[in-house]
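From just these sequences and the hints, can you work out the full model?
First to last, the sequence lines map onto chains A and B. This note's numbering puts the first residue of the first sequence at 1, with every later residue one more than the last. This note's numbering puts the first residue of the second sequence at 355, with every later residue one more than the last.
FYI, nobody ran anything at the bench for these hints, they're computed from the structure. These numbers come from a predicted model, not from an experiment. Be a bit skeptical, because a hint or two may be false.
In silico lysine to any residue, SDA-like type, Cα no more than 20 Å apart, as pairs [as the list claims (entries may be wrong)]: (1) A/LYS44 x B/LYS785; (2) B/LYS506 x B/LYS559; (3) B/LYS587 x A/ASN340.
If you want the footprint, here are the derived chain A segments under chain B, 3+ residues with CB under 8 Å [unchecked claim]: (4) 136-142; (5) 306-320.
Think of the CB as a built atom: it goes at the ideal place given N, C-alpha and C, for glycine as much as any other residue.
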Amino acid sequence: MTKFNYTAKDFKSAAEVRWCPGCGDYAIMNAVQKTMADMDIAHKDFAVISGIGCSSRFPYYMSTYGFHTIHGRAAAIASGVKSANPDLTVWVITGDGDSLAIGGNHFIHLVRRNINLNLVLFNNKIYGLTKGQYSPTSDRGKITKTSPFGTIEDSFIPGQLVLGSRGTFFARAIDSNVKHTQEVLAESAKHEGTSVVEVLQNCVIFNDGIHDYVADPKFRAERQLFLMKGEPMIFGEQEDKGLILENGHLKVVKIGENGITREDILVHHPEEDNLGLQVALINMALPEFPVAMGVIRSVKAPIYDQEMKKQIETVQAKRRVTCMDELLQSGNTWTVDGENCSEPVKFFDNKCFV
Amino acid sequence: MKDAKVIELEEVAIRFSGDSGDGMQLTGTLFSDTSALFGNDISTFPDYPSEIRAPQGTVGGVSGFQVQFGKKKITTPGDLAHVLIAMNPAALKANAAFMNPGGTIIFDVDSFSEKNFAKAQFQTLDPFAELKLDDYFKIPVPITSLTKESLKDLELDNKSVLRCKNMFALGLICWMFERPLDYIERFIQNKFGKKSPLIAEANLKVLHDGYNYGMNMQHATPRFIVHPAPIEKGIYRNINGNLATAWGLLAAAEKSGLNLFIGSYPITPATDVLQALAERKDLGVKSFQAEDEIAGICTTIGAAFAGHLAVTSTSGPGFALKAEALGLSVMAELPIVVVNVQRGGPSTGLPTKTEQSDLLQTLYGRNGESPLVVVAASTPSDCFYYAFLAAKIALERMVPVVLLTDGFLGNGSEPWRVPSMSELPSITPRKATNPELFKPYNRDPETLAREWAVPGMEGFEHRIGGLEKNAAGGVSHDPENHHINTQIRAEKVAKVVDMIPELEVVGEAEGDLLVVGWGGTYGHMISSVRAMQNAGKKVSLAHFNYIKPLPKNTAEVFSKFKKIVVCELNLGQFASYLRDSVPGFHYYQVNKMKGLPFSVHELVENFEKILEA
Ligand SMILES: Cc1ncc(C[n+]2csc(CCOP(=O)(O)OP(=O)(O)O)c2C)c(N)n1
Ligand code: SF4
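Here is the structure:
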């Protein structure tokens, strides 16, 4: 039984969507809207906060409360929204440039504080809105308008950054697989703390096909490893490949070869605090490895906004000062009441304030 | 035996000065509190070094605290000290220029050694002659050795013993000015009593020994009497500007029925505002120490979006960082209060010194046409009222408000008659009430303020942001719409003029010279104007607390004077703003850029020159 019987459509606003035809953002928005409908929370309790970029136009297209802010600062603004009102369900929509370049500082601190919100990082490995400059997730050597001879810098791997900032939840999905994206978003919505979902997103105009090698439906089974809690890490068309640990390193093996059985394959435990293995999963790259998709890490930790609330309640339970009049008269005060003293003049009378 | 050397004074300024490790700020504060309790009006000025660990004994490491107290209303900490307590030669050197001619210097003779003369870079072995202080009244006191002697029976290490030196000086000064010790005793008990009774005992013993030393040596030390000041009835406390600012914001939260949120990042001299609010979890304050100033204001904007009275505090460099987000709050028309406790600039400038040079940054330092309301406090205690008002204006007009204070106000203190909450005006936030009629940029026709609907309110779901919008809240690139909205945002700020009082003139409403100032220079300005008036000059003061918008009657007030002089601790920022906003007058200027407040003397001198010109 659901209270509201929402469908994804109920989360669409009247505003005309202005993304380029074929942009991956559409699919991601559909997945988010479906996820929100399934959450069965009133429209009024959602706040969707974004920075600046193509993806950050997102709040305008939602029928919830929304705030399209400034470049890179969505994480900080959302932190304020959620700290002020922990009862709200806050979603942050951001791009790779928005979050990891200009907003890098706010991003890592949001994750470190573990504020209970969902952040969807649209990773098209390029700056879309400013028309095609390289981003902090563009691969070394990438040729763009600002790197006509190829970039000479290494890129961030967003999941690494999240785990390095003591993140409690990280998942990966791809725009073209709406069903999987939705499953991952649903998991992120359930997680208490900062959940970061990296969605590999195609920018048809400035970086078309950047994720094709991973996304190609023909090879999906070989190139993507769908992680499931409590399940062995198996992939491949025949479900015959898996991951094992050898000398502390991940290794792809074939079930049935060299005496390897299903039982030898690593089982995925996103709920365990196993940073080494989770980072290794995040780092897996083609062609040696499949790309890890799904929830990679989901652990419990104290939540900032809840802790803030609790701390206030704890202090208030033992407080001596309960209102301003008491505060004003607390501590070192003295009373003046001599014969030659005049009657007090109120400040605002004095300053003829109306 | 009645002492012969009793000097009755109207007002007196004392400067405590020593190495930054000598505890001079505490000594000064305790003496000020005691004087305020005694019934004097006071004004204080802490002057501390920006380097936390400048080498001991050097001039760079000197920490000072000046207090002026008296039987009349005291408006400044005093230009020049009547009494200087110098704990070492460097302190003497750093402060010689701030002494009243012929003043009294109490110094720790034990530290006046050859080694310390060298550290303070004296050329000779006679620092007094070198500084031309020969005809000053000098009282050499072996403070270090007497402190050691006093504590020889307690089992204390040498370092702890030396830490008590300041109490000896304090005890002595209390005797000289007839101050009772009970307040200081209570303070020491509260501070150390439970945790380290031995330290408490040592401090108390040294304090009394200092007092008794004065009594026993009275043939050598003059005694001063400063009678209590006649004042208004009420409950009083000492307050500094930063605490008053924090409390004013708390009072506004209570009045408006909203929760208070502060998102901020530490920076001298504004940090105390954040700290004072962080302490008030008992009143439900949500304090968020952000990763930088940008995040500080951004969390604040987020909290305002979520329906809180949202505040951020900072000083110059931090204010610069907030500029882009301030523009967002202008565009989104969210009520936030930004406190800028100004300090010397540009860049890191003079972090611990006062200045008024962020005015133009505050008025214009953003991209686009980005008007907001600017208010300035003028005394440590009125920071409370202007912080309260800043919040009232923000909440009732849906506009960001910048409150300018400065290091002098923030750290300076004065006794304050504590108001009751019932004395303060009401605050009615513009919360939306009718979802049928709600549009994000529907405006009150009178004030042009939009309505505030916050997440969680059923039926008001809407989207805002930094992009230009039409009235319905849709993104709009329509040229006409942008032109009109630009005017509306400016007009909305201009209409705040209805909420603010008219400009008052201290003195006659017309005359030869109108002295104009704004913000934290008030105390020195009024003292100098009064001095001129007492000398029969036709001089009046117009001091501004409301900078944008300016009070309605500004031009009218200006028109009644033959000459106008604008005094500020910058190169003339308010003067240029006035030239632009209140044209048609010739504005003389008095400017000072030394990281120090004005002195009454220099103001008077300048005014006389202008009168003669
Ligand atoms: C302070 C500031 N600097 C630069 C910009 C210009 N800018 C807007 S979006 C953007 C990059 C967006 O890239 P990304 O976050 O990857 O989003 P996408 O458009 O690809 O979705 C830049 C540089 C800006 N709006 N504000
Ligand atoms: S430029 Fe790229 S990211 Fe932006 S809307 Fe178009 S396709 Fe999407």
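- Violated constraints from the hint list, given by number and in increasing order: 4
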